[in-house]
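2 protein chains.
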Amino acid sequence: MCLSHAVLDDDYRQYQQALLGAGLLVSSGVPGVYGLSGLFEGIVEAFERYVTRMGQHLTPEVIRFPPLLSRETYLRTDHIETFPDLMGSVHSFVGNEGDHLRLVQKKENGEAWTENLEPTDVMLVPAACYPLYPAAANTTLPEEGRVVDLRAFVFRHEPSPDPARMQTFRQREYVTLGTAEQALAHRDYWLKRGEELLGALGLDVKPVIANDPFFGRGGRVMAATQKEQALKYELVAPIASTEKLTAISSSNCHLDHFGREFNIKTPDGQFAHTACIGFGLERITLALLKKHGFDPATWPSETRSLLEI
Amino acid sequence: MCLSHAVLDDDYRQYQQALLGAGLLVSSGVPGVYGLSGLFEGIVEAFERYVTRMGQHLTPEVIRFPPLLSRETYLRTDHIETFPDLMGSVHSFVGNEGDHLRLVQKKENGEAWTENLEPTDVMLVPAACYPLYPAAANTTLPEEGRVVDLRAFVFRHEPSPDPARMQTFRQREYVTLGTAEQALAHRDYWLKRGEELLGALGLDVKPVIANDPFFGRGGRVMAATQKEQALKYELVAPIASTEKLTAISSSNCHLDHFGREFNIKTPDGQFAHTACIGFGLERITLALLKKHGFDPATWPSETRSLLEI
Chain A
38 MCLSHAVLDD DYRQYQQALL GAGLLVSSGV PGVYGLSGLF EGIVEAFERY
88 VTRMGQHLTP EVIRFPPLLS RETYLRTDHI ETFPDLMGSV HSFVGNEGDH
138 LRLVQKKENG EAWTENLEPT DVMLVPAACY PLYPAAANTT LPEEGRVVDL
188 RAFVFRHEPS PDPARMQTFR QREYVTLGTA EQALAHRDYW LKRGEELLGA
238 LGLDVKPVIA NDPFFGRGGR VMAATQKEQA LKYELVAPIA STEKLTAISS
288 SNCHLDHFGR EFNIKTPDGQ FAHTACIGFG LERITLALLK KHGFDPATWP
338 SETRSLLEI
Chain B
38 MCLSHAVLDD DYRQYQQALL GAGLLVSSGV PGVYGLSGLF EGIVEAFERY
88 VTRMGQHLTP EVIRFPPLLS RETYLRTDHI ETFPDLMGSV HSFVGNEGDH
138 LRLVQKKENG EAWTENLEPT DVMLVPAACY PLYPAAANTT LPEEGRVVDL
188 RAFVFRHEPS PDPARMQTFR QREYVTLGTA EQALAHRDYW LKRGEELLGA
238 LGLDVKPVIA NDPFFGRGGR VMAATQKEQA LKYELVAPIA STEKLTAISS
288 SNCHLDHFGR EFNIKTPDGQ FAHTACIGFG LERITLALLK KHGFDPATWP
338 SETRSLLEI
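Going line by line, the protein sequences match chains A and B. Taking this note's numbering, the leading residue of the first sequence gets 38, the next gets one more, and so forth. Taking this note's numbering, the leading residue of the second sequence gets 38, the next gets one more, and so forth.
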């Protein structure tokens with residue numbers, strides 16, 4: 038196990054260096070936090086246009102949430118119970134001038150200077166669809182449900198040498214809110230459609246049941262339940278390692294978890310079920326660069342034509 | 038003064054309600070943190086394409102930084118000295134299962150649950166150009182200097198009812214690194230060009246010397262120096278208040294502040310000077326919506342033609 042980790046870490050570091058060396062990623066000095074080159078971002082944008090075309094027939098509402106959500110909303114999801122180690126809590130300085138002098142003094146002495154910061158009203162967004170549920174709270178859905186097109190920067194505190202495991206990255210999502218049948222149909226439709234549309238770009242994706250890294254002992258039970266319930270699937274592809282595949286997309290049915298917490302109802306008075314497909318924009322770009330090489334001008338003509346690049 | 042603040046706050050709340058009511062902004066429950074509708078985001082994207090065309094002749098390098106930068110970099114800027122009250126420090130949970138049980142218990146009891154979180158290696162980005170300087174550290178610039186096209190989400194902890202005063206928003210920037218003359222020329226060029234290109238869209242902008250809200254008593258001295266040195270200019274326009282104008286763009290020369298700290302040199306061995314123009318993407322969109330109305334289909338044909346919408 039240790040050896041295998043070491044081999045993997047070597048693979049990760051080697052591929053990270055290749056991407057940094059080619060200027061596709063720009064180091065921030067922190068593992069998993071990178072600037073993206075214009076070429077990299079151009080692929081992200083091209084993929085987004087492609088996904089927009091693929092979802093057009095659903096005439097989704099479009100909302101773009103920022104990287105922050107309300108602390109109160111965060112606490113109404115179960116993230117603090119299930120993934121506390123991945124959270125990002127935003128703190129700031131709210132003291133007076135004397136407090137400020139002491140703060141700067143601590144910083145200058147190389148001491149721990151953050152102790153007296155105060156938590157703000159916001160947290161970093163853990164998943165692109167979380168900010169949507171409070172915005173839909175206490176409403177009754179139309180008969181046909183709602184389909185919403187989202188994109189947001191999300192945060193996961195998991196520093197890693199794997200260039201595909203970024204601490205901050207963008208998820209593009211199609212979320213549905215509706216009946217149990219509508220939610221399950223959305224997940225199944227997009228799981229199949231996601232596999233097709235990523236496959237059409239030449240990516241070797243395959244669906245697997247998700248295996249999320251729930252925290253602690255209780256988390257191991259949750260992971261087993263997640264596997265058993267088979268509610269969330271991932272589409273995995275090779276990026277830095279061809280041995281350990283990386284999830285580049287996932288399609289997930291939340292049952293009435295959010296509908297119940299945020300009091301979202303179907304027309305017949307039931308709590309709404311929700312489901313989403315998420316596309317990891319940076320990971321999909323990395324998978325394309327891995328599969329077709331670092332120069333999009335040399336990519337297969339079908340891929341270039343679908344991406345309109 | 039108090040009355041004037043109250044009147045202003047009424048103006049702000051009224052315009053915020055109008056934007057929320059029209060669905061252009063989506064409430065997160067926290068002042069200054071909003072989802073943006075597809076229509077709003079479409080204007081942002083159109084303006085970005087316009088700015089890209091306006092900067093094309095400079096053949097800038099393009100880098101897109103995420104909303105986070107390294108804590109070490111943050112401490113090497115003087116943000117903690119000058120704007121500590123605006124900072125965003127990212128904290129997470131790094132304990133064991135017992136710690137986690139106590140954390141969740143505190144949350145369930147409605148107690149302060151963040152006390153035992155630990156600071157991570159990252160901070161929220163205070164200004165879009167900050168992540169660039171460490172990436173250029175310990176280099177010597179080419180004769181012609183460097184011009185870099187940036188866009189990033191930035192954070193300012195200043196909750197406000199003013200819809201233009203967001204806590205998280207995007208800055209699009211052109212930054213130059215070069216000699217003192219190159220930096221000053223960049224600032225002056227873009228101050229004039231920025232006024233022209235915003236004016237061409239029908240916005241009533243005018244340049245004013247910047248008046249940044251430096252913290253505390255020391256900050257008042259810095260504000261006076263900033264005014265005296267006249268290094269930073271803002272382009273202001275009416276948004277929620279026609280009385281108190283809002284900066285929608287700013288053009289700033291940093292002298293060798295960053296060049297010295299990050300050891301960036303010109304070919305003749307001097308510390309590099311830097312300068313940037315920043316476009317506040319959400320504020321420019323709000324200014325356009327204020328000036329021309331909430332429906333881009335009815336905007337003046339010249340504005341629509343320049344924005345290609």
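Some hints here could point you the wrong way.
Claimed, not checked - In silico negatives: residues of chain A with every beta carbon more than 12 Å from chain B:
hint, residue
1, D47
2, D48
3, H94
4, V99
5, S126
6, K144
7, R188
8, G236
9, A260
10, Q263
11, Q307
12, E339
13, L343
14, I346
To be verified - Okay, derived cross-link-like pairs now, DSBU-like style, lysine-lysine, Cα gap no bigger than 35 Å in a straight line:
hint, chain 1, residue 1, chain 2, residue 2
15, B, K264, A, K144
16, A, K144, B, K302
17, B, K264, A, K143
Hint data in this document are derived by calculation from the structure and do not stem from the laboratory. Each residue gets a CB set at the ideal place from its N, CA and C atoms; glycine is no exception.
Here is what the structure says about each hint:
1. D47: 22 Å, holds
2. D48: Holds: least Cβ distance 23 Å, greater than 12 Å.
3. H94: Holds, since 16 Å exceeds 12 Å.
4. V99: 3 Å, violated
5. S126: 5 Å, violated
6. K144: Violated: least Cβ distance 6 Å, not greater than 12 Å.
7. R188: The assertion about R188(A) is violated, with a minimum of 9 Å to chain B.
8. G236: 27 Å, holds
9. A260: The assertion about A260(A) holds, with a minimum of 15 Å to chain B.
10. Q263: It holds; Q263(A) is separated from chain B by about 19 Å at its closest Cβ, greater than 12 Å.
11. Q307: 25 Å, holds
12. E339: Non-interface label stands for E339(A): nearest chain B Cβ at 27 Å, farther than 12 Å.
13. L343: 21 Å, holds
14. I346: 15 Å, holds
15. K264(B) <-> K144(A): Given that 35 Å is the threshold and the Cα spacing comes to 28 Å, the pair holds.
16. K144(A) <-> K302(B): 27 Å, holds
17. K264(B) <-> K143(A): Satisfied, since the Cα-Cα distance of roughly 30 Å is no more than 35 Å.
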